[in-house]
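K.L.:
The residues making up each chain are set out below.
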Amino acid sequence: MSRNFIETEGPKWVARGIISPEQQQQLLALYPDEGRVVGLLPLLGSLLVGLSALSLIAANWQSLPETARLLLLLGSMGGAYAGGEYFLRRGGNDSLGIGLVGLGLILFGISIILTSQMYQLIGYDVTGLLAWAAAGTALTFLYQSRFLFSLTAAIGGIVQGYSTGQLSGFSYFTAALAVLGLGYYWWRHPDAVLGGILASGILWQAGLLINFLHAKITWFFIPAMLVYAAGDWQTDRPAGRALQAPPLIAAFLFTFGLALYGETDTYAGLLRPPLLAYLGALLVVFVVSVMGKRVRGRLGSLTDWLLLLPGFYLPSGLALAVATLVVLYAYSGAVLWRAQQEGNSDRVTLGITLFILTTMAAYFKLTWAFMDKSLFFLCGGALLLGLSWYLRRAARAALPPKSK
Amino acid sequence: MATPLPLARRHRLVLLAVAVQVLFILGVAAAGYATTAWGSTITLRTTPVNPQDLLYGDYLRLTYTVSQLPIGLWRETSRAPKANEPVYVLLQPDADAYAATGVYATEPAPGPRQVVLRGWITNSWRHGLRIRYGLEKYYVSEGLARRLKKRPALLVHVSIAPWGQARITSVAL
Chain L
3 MSRNFIETEG
13 PKWVARGIIS
23 PEQQQQLLAL
33 YPDEGRVVGL
43 LPLLGSLLVG
53 LSALSLIAAN
63 WQSLPETARL
73 LLLLGSMGGA
83 YAGGEYFLRR
93 GGNDSLGIGL
103 VGLGLILFGI
113 SIILTSQMYQ
123 LIGYDVTGLL
133 AWAAAGTALT
143 FLYQSRFLFS
153 LTAAIGGIVQ
163 GYSTGQLSGF
173 SYFTAALAVL
183 GLGYYWWRHP
193 DAVLGGILAS
203 GILWQAGLLI
213 NFLHAKITWF
223 FIPAMLVYAA
233 GDWQTDRPAG
243 RALQAPPLIA
253 AFLFTFGLAL
263 YGETDTYAGL
273 LRPPLLAYLG
283 ALLVVFVVSV
293 MGKRVRGRLG
303 SLTDWLLLLP
313 GFYLPSGLAL
323 AVATLVVLYA
333 YSGAVLWRAQ
343 QEGNSDRVTL
353 GITLFILTTM
363 AAYFKLTWAF
373 MDKSLFFLCG
383 GALLLGLSWY
393 LRRAARAALP
403 PKSK
Chain S
38 MATPLPLARR
48 HRLVLLAVAV
58 QVLFILGVAA
68 AGYATTAWGS
78 TITLRTTPVN
88 PQDLLYGDYL
98 RLTYTVSQLP
108 IGLWRETSRA
118 PKANEPVYVL
128 LQPDADAYAA
138 TGVYATEPAP
148 GPRQVVLRGW
158 ITNSWRHGLR
168 IRYGLEKYYV
178 SEGLARRLKK
188 RPALLVHVSI
198 APWGQARITS
208 VAL
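Going line by line, the protein sequences match chains L and S. Convert by adding 2 to the 1-based position in the first sequence; the result is the number in the working numbering. Convert by adding 37 to the 1-based position in the second sequence; the result is the number in the working numbering.
Chain S with its partners taken away, still in its complex shape (with noise of 0.2 Å):
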């Protein structure tokens, strides 16, 4: 230690620190709630997928129906989806769930009942495309997620808030 500061003003300083990184996780549970307050819930399908190797210690590790996606919906013309790029896709209802009409690299204008989730594009072929979500692991307590991980697919229910975040409010049995 070089030069050290004022005890005091050290002391004083460390406080404010200290009182601003407990702040911000508050700020990151209050992200939570406010993503559930005032995003609009949609609701994605997962599809079957093997019981043995869906339980992951405390998490769930879930498969969505649109998580794999026909390459007829990506929209840009220009070029190719290239592996790791962020994208926006856009879903609208279709009977119980929520599906793909489009996947966007730059944020689209969603219409009425539409809605625009985030991804990331994990790989891409001649005929479709794989997202990753960041919604693909659910973390729940290991009984609620032996009895869930023994339906054939699951409905979960997704917050979208209006900045963007999302968040999974809650797995339907």
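Just chain L, same shape as in the assembly (with noise of 0.2 Å):
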């Protein structure tokens, strides 16, 4: 419950009775201001205050001496980060000095790039770069700042992009930097907004990694599971789930998108990476994350890994994408079957869209080459409306009413 709804709702416990005016005030002060949120218009207003500065000074660039550009830049960074510590030290708006060290980051990142091209220096690998990324997180452990956290998770994704781009090299160190020195950081503080953030950046880097290596796309399963499986293991369960999300949604979107074109052979064979040396990698996975699951008394969600389930070594074919189909039901109904044991309205939410747009590829997949369009559409709408109504009716009334 947070402070808010309290402010909020108390006035009228008070009037009809149900509190005094002094318990409300007591509950209030339960539950003080935390000013841990992320206080998103200081820190969009330090953005915005930067960035014109900086096209300011983009105007006359080239005219100034070089010295005073280079001390331009270390001013404004030294300037940003000693504002920033000046305002945490005061207190009472910490937000504004962590938008302001989150504004000294990235002129870092700035410098580093104004003052190469200021001497024409040639970048040929990353190590510049890799600078900024290392700093964002050496900052992160020093203000344990979720802002900062996530700045440095995309400063990461931006660096590993520019490498594999423009360099044409993976850069180990950007992805090791992102898996030991944030994944370290949020297995010892959990949250799962930094879980969410956490794992899109690995994912984003495991990514450009199995594009950089020509890889099959189906490798990227591999570490996006060890993501996952690190979820498994993390004592924090609404922090190691949110760590599971992305991993999940990328896993549920691959075998959508095989039951929908699985049918041609030419894109199921582009998914086939050697039998033994990916089942075997896939297993291990497989293990860390039912150890974690056993360890942590989570066995129930060992339904996820159904959509690891490597459908595309079968032969192409109506039969591939009928089998993904099944799979896909059998997930989406776990979802909900565990929602329901849990009584969590949200996860009953996502089970009945996962159901919904599993029976939408299902209908569209069935029925699409051999049915009127306009009888399809009409057919498809009323199955949809209909199968919504009965999943929100049956989930009303499985779920036990919430105000107990």
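Hint data in this document are derived by calculation from the structure and do not stem from the laboratory. A virtual CB, placed ideally from N, CA and C, is assigned to each residue, including glycine. A few of these clues could be false.
Derived coverage of chain L by chain S (criterion: at least 3 residues anywhere in the stretch with Cβ under 8 Å from a Cβ of chain S; other residues may be distant) [unchecked claim]: (1) 74-86; (2) 111-121; (3) 132-140.
To give an idea of the chain S side of the interface with chain L (calculated C-beta under 8 Å), a few residues [said to hold, decoys possible]: (4) L50; (5) V55; (6) Q58; (7) I62; (8) A68; (9) E122; (10) R155; (11) W157; (12) S178; (13) G201; (14) R204; (15) I205.
Dock chain one against chain two, each of which comes alone in its own frame, and use the hints as you go.
P.N.:
This is the structure:
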């Protein structure tokens, strides 16, 4: 329950005589203003100020002498850090302070780029920008800030994208910085939002690696499911689940794509890595994940692995598409079932959505070719409306009323 | 902020982190001077470019005679060049500028008067390959850029440091 909620609802409870004004104050005192929310406005403000100063300087940049340019860069970076530290020490305006520190970090990256531009230096490797990601990681640990964490994850993604795109090399250091640096931070300070950001950042870099190595895209699921398995070992359940969401979304989308396009052999053929190597690697990750689930008592979530069934090894054709649809139905059914067991209405909604998506794919797959198009859309619409109505009614009936 | 560090300790560490960042930027600048001081200078000739699309705000877009090379210079016999592949181009003096004598996938040992310039293949076809050196943008003030772009071809002085780093030192009018 948030402070905000008590602030708005409290007076009504007092008016109805449920609690006394003193009790309302006591309740409010239980939820102090934590100030740990990211605080969007000061951050956006600092970004805008930075950008406008940048454009002003950029307009006259080349006509400034070199030392002046260097001093300007160092001065603005140092100033942003000093300002951030000042506001954090003074207290009361922590998000502004962190925003300024973040601005300092951004200015560090800009300084690296502009200084090498000033001397017309060519970057043959990503060392310069790697320092940027490293500085972000260090500041994340120093300030223990969720904003700096997110910024560093984004910087890592940018650096890796530049490295693979422009320099034709994958920077394993940058990847290690994200996995070990930010990963360790998240492990010690588990947090749901950061879990999602961390997993997305790592998956982005994993995708770049697979692309860089020209490997079959299915190899992507080895690192992705390693991230998932890390979520199994995390003691903080919501944080672990958030870390697992991006890999699961990727796996679901992939399986969904397989159901839609798996019939053609050209597509399925692109997906088949060497059988033993791939299955062996997947099995290792699976075992790590199952052990984590066992130790933390979450074996119920084992159904997530349904999405990783390597159906693409089957000969392509309608049979493969149908088998994939069965897997999707099993998965979304399992999500619904677990949500009902836990009485978690958010996950019921998720399960319903997945179920409906799967039904859409199945309907499209099985009837598009031999049904009149107007009839196709009419029946499809009716099917979806009916299904969603039925599923919602069933979910409402099964979930215990919220007021209890 | 879950368990903040003790304030004094954080203050010291932040100071250290910022000092390291300042030193790093100064190091980038120093690398620029060091490349000129210890590097060998070569001259590259640009190809005549349509003067209308030469100027891009604060930089000049340059194309060199060594930017597009005949496929015969590709020295790896076992395979064809791949797009985006990093390569080493062996250069030697030819009249007033340097010309390429070979394109290698691994760093070759340069002979006397020869230098190695690194680059990336942007594309290759049956008769040739196109190479990006990272020297294609020359950052100058707009006034100088306007004067330079009137020339049909430019001579560009490039410093190559013994450790492989390269930079444009000047563009001759």
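K.L.:
Evaluate each hint against the coordinates.
P.N.:
Hint by hint, here is what the structure shows:
1. 74-86: With 5 residues close enough to chain S, the hint holds.
2. 111-121: Satisfied; 7 residues make the cut.
3. 132-140: holds (count 3)
4. L50: holds, 5 Å
5. V55: With a closest approach of 5 Å, the V55 of chain S hint holds.
6. Q58: With a minimum Cβ separation of about 5 Å from chain L (threshold 8 Å), the hint on Q58 of chain S holds.
7. I62: holds, 5 Å
8. A68: With Cβ-Cβ at 6 Å, under 8 Å, it holds.
9. E122: holds, 6 Å
10. R155: Where the cut-off is 8 Å and the nearest Cβ of chain L is about 6 Å from R155 of chain S, the hint holds.
11. W157: Holds, because the Cβ-Cβ distance from W157 of chain S to chain L comes to roughly 6 Å (cut-off 8 Å).
12. S178: holds, 4 Å
13. G201: It holds, given that the least Cβ distance between G201 of chain S and chain L is near 6 Å, below 8 Å.
14. R204: holds, 4 Å
15. I205: At 4 Å from the nearest chain L Cβ, I205 of chain S passes the 8 Å test, so the hint holds.
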